[in-house]
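Novice: Here is how the chains run, residue by residue.
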Amino acid sequence: MKIRAAAAATCVVLALAGAARADTADGDALIGRDWDAIVETARGGEVNFFLWGGSDTINRYVSDYLGGVLAEEYDITLNRVGLTDTVEAVNIVNGEVEAGVTDAGSVDLVWINGENFRTMRQGDLAWCGYTATLPNDALVDWSNPAVANDFGVPVDGCEVPWNRAQFAFAHDSATLPEPPRDMGALLDWIRANPGQFTYPAPPDFNGSVFVRHVFYHVAGGADRLLGPFDQALYDEIAPQVWTLLNDLEPSLWREGRTYPTAITQLDQMFANGEVAFTFNYDPAQFGLAVDAGIYPDSVRSYGLTDGTIGNTNYTLIPVNSPNKAAALVLQNLILSAEAQLEKARPEVWGATPGIEISRAAPGIREAFADLPSHPSVVPYDELAAAALPELQAEWIAAIEAGWIENVGR
Amino acid sequence: MSRLPGPFLALLLVALLLPLVPLATWSVAHGWRFPDLLPRDWSLDAWAYALSPTAGVLRGLGLTAAIAGAATAGSLVIGLPAGRALGLYRFRGRAAVEILVLAPVLTPGIAAVFGLHALFLPLGLTNTVAGVALAHLIPVLPYTILVLSGVFAGYDTRAEYQARSLGASPFQVLRHVTWPAIRPGVIVAALFAFLVSWSQYLLTLVIGGGRVQTLPLQLFAFAGAGRADVTGAIAVVYVLPGILVLVLTSRRLTGRSAALAGFGR
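Chains as they are written, first to last, in our numbering: chain A, 1 to 409; chain B, 410 to 674.
Check the hints yourself; a few may be wrong.
To be verified - Sample of chain A residues lacking proximity to chain B, with all beta carbon distances greater than 12 Å (derived):
1. 31
2. 179
3. 302
Unchecked claim - Beyond 10 Å from chain B on every Cβ pair, some chain A residues (computed):
4. 40
5. 59
6. 147
7. 156
8. 183
9. 190
10. 191
11. 201
12. 228
13. 248
14. 294
15. 389
16. 394
What the hints assert, rightly or not - To spell it out: a stretch of chain B is covered by chain A in this simulated footprint if at least three of its residues, at any positions, have a beta carbon under 8 Å from a beta carbon of chain A; those stretches are:
17. 436 to 442
18. 491 to 505
19. 525 to 535
20. 612 to 624
Keep in mind that the hints were calculated from the coordinates and are not lab data.
Ideal Cβ placement from N, Cα and C applies to all residues, glycine included.
Just chain B, with the same shape it has in the complex (with noise of 0.2 Å):
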């Protein structure tokens, strides 16, 4: 469990901050035309309405984050007994199993969106905060248990014995055997689905009803008129929390990724 080496990932921020800063610099700039190297001028104004209350980003922002929040922790719950029965035991129908869970990534969410819309609608589901974050569930829960279920397959569910046959209550085979050694895997998985949440568009279009503003389709509406001003404003605002969050848990990322381990045995 050694951590990333410093120059490995000090090339992964530098790939990760160059694409920002055309970006920040659109967002500062006034009449930035082919073939000026430099904006011919500088305005904040692009950024004085992405912070307006008319803009709705910050606001969007907190939404997006907890909508995201909300994606990652059903997706935990739902994905660790997943994962952990596809990872640590071989049943009939596995792989049955294997390819419903990965269903949502191989079909087009366009081919499903509007036949879950008209599920939600009776349900009251849809253009509610609560209806987008279970709709999101669709897209992350198949990164979320590919993880895990490689997780759990490098896992020896020996050691859990060991301890109960040592004295442990559950709880503290939980705590002390089990977690410390799936949690890098975990941290994986929840970054995945807070990742995959965050970039939604059409699902939160659909079952939002354009009501449940998030930060992509904030984005979208710039960006689809051209406004690269006030489009790089929001990106900027729409892709920090995402490298912060990766730079905090990265501390505890180990070089061997369980991410790659697929299904497992």
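For reference, chain A alone in the conformation it holds in the complex (with noise of 0.2 Å):
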């Protein structure tokens, strides 16, 4: 009796958890088929979009103008799901799908790139190939490397682009009008001016781009060291870069005895003064920072006239998403002009396009070309004229290594 009882009640709980999933699991059955179907098929549905949640702004962006337009035009309810790291996303696809869950996972969506896209590729756990059905794909230049490898990872059909960055440095008009405009220059304003440079220790992202610069710097240039993994050239290059930097450290911020462990830890000494500069990987987070009123309004950004290190981001459909179709109208929606076009105000987000604006509508292109530039962000145009390519992930991982060994320590 009771055993027929649990087993009763066992069945009622699986009935609930299959009518729960309005399955459009098979991701397979979606790929090229007719836009409108699958639009149909969303309709009514759920996305569950992972993504950092700690700007204000973006995350009205996404749930209000995203999830609003998802909300009248298709009957879809986005889920935002904020995130302290995309790396929590992605443990969690991860432990789902090493648990078997294989059509009932809860991330649908998730904004990422880099070290996380190759640990979602590496371990299958990115659905791929379907880019192409989405009519948006159109507006997307695949034919720019920049687009088509994520961190000197190929694509695939395995992410759709969102926004484009590139490396910029910050600092205050007031207290330092002129700084430094290159490489070398900013090496010697450092030695210079002792105590007021930092730079996040890696594993930290931006703290990691920055020391690729100085290896850049070091090795006169990108060009040799894009391509695959080489220990030969990272074994010459290398320790002029470690001699540099433990060289520079007496010049550092505590006499480089200890470097900031985040991102925000270099921001908040920035913001009181602490240190001269500050940089990031997506300049409109400047703009954010002093409409936010935690950066003065005097604080300027801007690119190395040696060129700064790009990147695209990107959003991505786990392979386990149980609302592939409703995923899918939102990715479309992400890429289409409007949209990029409402990221790309000053007051929203700032965000430069993940699409190419030259193959938008005549009025989407004037839109664009009319909108106010944040007086803290450097217009992505200037910053685009000098960019250096992102170097591969085994790269980045032997550099990040390296640092912790040799200058971390």
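Two chains, two separate frames, one set of hints: put the complex together.
Specialist: Structure representation (structure tokens):
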């Protein structure tokens, strides 16, 4: 009797769990299908979008703008799940797939790039090969290697671009009107102004990219470092970089005895005037920080004349997403010229579009051209004039490990 | 059973409320940088965001309270009999049981949480509020059982026999003898349980799969991003209920804390 009751209860639970899945977990059934049919399948469903949740303006854009359009035009409910670190979403998907949950995962879409994308690719955690199914895929310039490769890992139809970003430095023009404009001059400035510069310890995302800029500087440019990891080349350049960075330590904040552990710590020190520079892979963050009152209005940002590293960030559908149709509709919306325009407005986010503006409708192109720029955010075109490619993930991992071994300790 | 002395209570309240002052100030500050003593400007933007439906902070407040309430109730249901047994009786293997009860406090949560996730997944408990509340029992129970066994260690069961011999029904004994004697300790145990559940981050994140957005999750997202203004606003929303509960129950707390009695004899 007891056993039968338990069995019945189990059946009910399983049935309920089954009913909760508006099953479009089978991605292959969607690939290449008529777009209107996919939209109809997605209608009335939900999509769980996992992304870094530390900006009120970005949260508003996602929940209110994207969520609003999804609800109004497609009757799809957008659940924005705020993360402290994207790796949390990767761990969730990984844990689910390892436990055999292959069609009822909790993540339908995740904002991602770089190391996290590599993890998902290597673990076969990303759904791939669907991007051409999206009508707005036509706006993406896949012939651009900076779009077709995510930190050197081929995208292979496993993710869709959201924003372009390029590394930039920020300074307070009220206290430092003329900052050093290239890496050599910056290093000289640091030596001449001890205690006023530092960088977050790798593997912090932004600290790590700063160290790569020094690597490029020592290597005499990025060209030699591109392509697969080359141990001999690494062994030639890395010791010079570690010597340079170790010799720089007496001129760093707290004489280099310690480093900030995260970019937010450097941002805080910059806000309080403890250091003269901060930097970020997404210069739009400087404008948002000024608007939030974190930085003074006099903060300005710039790239280096010898170039700064650029990347693209993406949205990805995990292989075990149960709502792939709704995730596709959301991705298509994200790629639309209208949504990219809204996101580019300085008061909304100020993000550089991931699509090719020249392929958008004439009205949208004009609207993009007419966008006001934030005085604290270096215009993307200005940055893009001296853009450096990102290294492949194996290079990045080697440099991070080398820094920790030779400089950090 | 005396109340806390007035000056001590006042001091306690000041100590509890003082950390709130910078948080509250941050939540209305616009531009508060070293070496300014006060913010340059004031703004309600952080509050406007925190209280907006987009942020989901108010939803998170209700959710956090519901989960903490459920975890508290569950921990009392398990903790009362367990505490009574551990507090009153000597039995073979009691030391082993005590260590087992304390194990969740002794082992770091991160060591267990992913295994727990794998355990909960096939049961359909991940990504659910019920699953998160159930998972919260793990860090909550040691505190509840520890406090309650301390309560029962100082409890004389002969009072129950006496009431029974005078003709009281088991329910009357429970209501008029047992409950009044253990009530302050049960309140302390419930407070502990509520606050331990209230502050869970990792368990909620992993078992809830990010879908169960309690206040600590929302708080960490902004604290991790260096947004002191929004963090301040959410933190005030987060801290106030705890202080409120403490103030409301402080009337019932006694000077001799039952929590300090440990596992008893």
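Novice: Now, for every hint given, state plainly whether the structure supports it.
Specialist: Here's how the hints hold up against the structure:
1. 31: holds, 26 Å
2. 179: holds, 19 Å
3. 302: holds, 22 Å
4. 40: holds, 26 Å
5. 59: Given a closest Cβ separation of 6 Å, the condition is violated.
6. 147: Per Cβ check, residue 147 of chain A is outside 10 Å of chain B; nearest 27 Å; holds.
7. 156: The assertion about residue 156 of chain A holds, with a minimum of 26 Å to chain B.
8. 183: Check passes; 26 Å lies beyond 10 Å.
9. 190: holds, 21 Å
10. 191: Non-interface label on residue 191 of chain A holds, nearest chain B Cβ at 25 Å vs cutoff 10 Å.
11. 201: holds, 16 Å
12. 228: Non-interface label on residue 228 of chain A holds, nearest chain B Cβ at 33 Å vs cutoff 10 Å.
13. 248: For residue 248 of chain A, whose nearest Cβ neighbour in chain B is about 25 Å away, the distance exceeds 10 Å, so it holds.
14. 294: Violated, because the least Cβ-Cβ distance between residue 294 of chain A and chain B comes to about 7 Å, which does not exceed 10 Å.
15. 389: For residue 389 of chain A, whose nearest Cβ neighbour in chain B is about 28 Å away, the distance exceeds 10 Å, so it holds.
16. 394: holds, 27 Å
17. 436 to 442: holds (count 5)
18. 491 to 505: violated (count 0)
19. 525 to 535: holds (count 6)
20. 612 to 624: Answer holds; 6 residues pass the 8 Å Cβ test.
In terms of the numbered hints stated before, the structure departs from hints 5, 14, 18, listed from lowest to highest.
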